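Trainee: Here is what each chain is made of, one letter per residue.
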Amino acid sequence: MTKPAPLTRDDVAHVAALARLELTDEELDLFTGQLAEVLDHAADVAALDLSDVAPTAHAMAVTNVLRPDEVRPVLDRDEVLAAAPSVEDHRFRVPRILGEAP
Amino acid sequence: MKPGWEMVIGLEVHCELRTATKLFCGCPNLFGDEPNTNVCPVCLGLPGSLPVLNQKAVELAMAIGTALNCEIRPSTFHRKNYFYPDQAKDYQISQYDEPINVDGYLDLPDGSRVGIERAHMEEDTGKTTHAGASGRIHGADYSLVDYNRSGVPLVEIVSAPDMRSSAQARAYATELRAMLVASGASDGKMEEGSMRVDANISVRRSSDDPFGTRCEIKNLNSVRSLGRAIEYEADRQIAIIETGESVVQQTRHWDEDAGRTQTLRSKEDAYDYRYFLEPDLVPLVPDGEWIRAVADTMGMMPAARRSRLVDLLDPAGEVSDSQADQVATVVDLGLDDLVIAAVANGVGSGLALARTANEAATDAEAARKVDPDSYVALLTMEDSGALTATQSKTVLADLLAAGGGDPAALAAAKGYEAMSEDSLASAVAEVVAAHPDAWGRYCSDDEGDRKKMAGMLTGLVMKATRGQADGKAVAAELQRLRG
Ligand SMILES: [Zn+2]
Chain A
0 MTKPAPLTRD DVAHVAALAR LELTDEELDL FTGQLAEVLD HAADVAALDL SDVAPTAHAM
60 AVTNVLRPDE VRPVLDRDEV LAAAPSVEDH RFRVPRILGE AP
Chain B
0 MKPGWEMVIG LEVHCELRTA TKLFCGCPNL FGDEPNTNVC PVCLGLPGSL PVLNQKAVEL
60 AMAIGTALNC EIRPSTFHRK NYFYPDQAKD YQISQYDEPI NVDGYLDLPD GSRVGIERAH
120 MEEDTGKTTH AGASGRIHGA DYSLVDYNRS GVPLVEIVSA PDMRSSAQAR AYATELRAML
180 VASGASDGKM EEGSMRVDAN ISVRRSSDDP FGTRCEIKNL NSVRSLGRAI EYEADRQIAI
240 IETGESVVQQ TRHWDEDAGR TQTLRSKEDA YDYRYFLEPD LVPLVPDGEW IRAVADTMGM
300 MPAARRSRLV DLLDPAGEVS DSQADQVATV VDLGLDDLVI AAVANGVGSG LALARTANEA
360 ATDAEAARKV DPDSYVALLT MEDSGALTAT QSKTVLADLL AAGGGDPAAL AAAKGYEAMS
420 EDSLASAVAE VVAAHPDAWG RYCSDDEGDR KKMAGMLTGL VMKATRGQAD GKAVAAELQR
480 LRG
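From first to last, the protein sequence lines stand for chains A and B.
Sequential numbering from 0 applies to the first sequence in numbering that gives the first Met the number 0.
Sequential numbering from 0 applies to the second sequence in numbering that gives the first Met the number 0.
No wet-lab data here; the hints were simulated from the structure.
These numbers come from a predicted model, not from an experiment.
Wrong hints could be hidden among the right ones.
[Said to hold, decoys possible] Ranges between beta-carbon positions, derived for each pair:
#1 B/Glu70 with A/Asp9: 53 to 59 Å
#2 A/Ala45 with B/Gly31: 33 to 39 Å
#3 A/Arg76 with B/Arg204: 20 to 26 Å
#4 B/Ala360 with A/Met59: 49 to 55 Å
#5 A/Ala42 with B/Tyr270: 23 to 29 Å
#6 A/Arg76 with B/Gly347: 56 to 62 Å
#7 A/Ala83 with B/Arg204: 51 to 57 Å
Every residue, glycine too, gets a C-beta built ideally from N, C-alpha and C.
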């Protein structure tokens, strides 16, 4: 397996933007260094020859965990909405959205 | 479509599954309930909650795969991450690189075949309402969210870019909808959003050219909108290319009232979803036995049901366009069993099909519930001449309203009795005597005149007998008198 390209400051800024994190210049420098170390560790694992090992999709060798299609109790609406910061018309009121749904 | 151009269309159809509960929790899967009444910690994304897959949803997804001739495979679920309040947990659980159904096809009534790339499972989102002056997202001050729909099971069916006209795309959506309803997977209600269609469109000058740059059209709420949007979008792209510019890959919104598409976002704004394997769910690995068990519970698909009717009409498969339309109507409305039952009891297939497609179809809901024996008995009376077509249609309306009954009694209550040969003959004779000019022209050698007068004289007899006379019998009697 080839080693991935080293992590850049731009990568970190991109990931931060996707996670809606606002980072200062100093924080970007700090986290670029720290994250690079984390990824280096992952690269050690990636460097192992695992061609003889079957890929696993999950930590447990379990498949087909299913439940019957039966209705279960729902939450009380008043209780649910009481936990929300803002409510209108029995709906969750959220800040203005920029753009349509993905 | 402008001559010298070809369009290339692929469709993505989201279909809500007809389960009792949501995909990963036991909340009811119901449309139209009071907002936020069908919610629980799982579909609200509350910390510590865990999704558990609904077996029925998996089986309906497998039924769709079977009906679309797909390979049903081991599959996994991923998290599709994005910040938008229609998902409370900030990600949607969806199948990504290992979908349950791949590589199928759907055959359309015109004989063309559209490839199916995949049909995967995912959860639906909540419903957002944009509040503020415009009601649209632009200019909204804030939004309101109802999570009743959040977590409702969906299957997304992705076609290959195999369609070449808006008519073919409409035929695909119509056939797919019929298939989804017939397989029991969905109610197919586009107007309620349980079936939603997005279209990918590009244009090119020749079928030998590579595909052009495509645009994705959203907000298509009916098969009609789909056709209109495709025509509009193809013309828009052709106009751009003909002025020497290039089509920009983007997602566009269909505005039904304005009859045009508008930019929603361009490729540069494309989301980076950071898919990763959902750690709270394990792989789904259906074995052959389970797949067969699901297939065994499925009824006949629309294409097979149509050919079953066509076989009744003409074993060689040669039927007129209008009969083909009647067949399509009857199957689409789920009334084909009535036709089959009538023909099995000796009613002529043409009559059985016509009454079902033209009259029973006007109240399909009642017709699906009507007692088949009553229906067959009525058509038998008409076929044997005991009732005229007009009388039969009137009795049928009563039969549908009552959900069944004895058609002979209903007919008698209306005073419908088959006219005896004698009274029919005297009714015809009276009309002939009262209209000597018309009779004379009927007896002439002018073919056109005779046909016209035959129609007029028959109409007069029908009027005189208040529709009780059988049109065919009147025509035969006129012919006999003429000698
Ligand atoms: Zn729930």
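Trainee: Tell me the numbers of any earlier hints that the structure contravenes, in ascending order.
Mentor: 1, 2, 3
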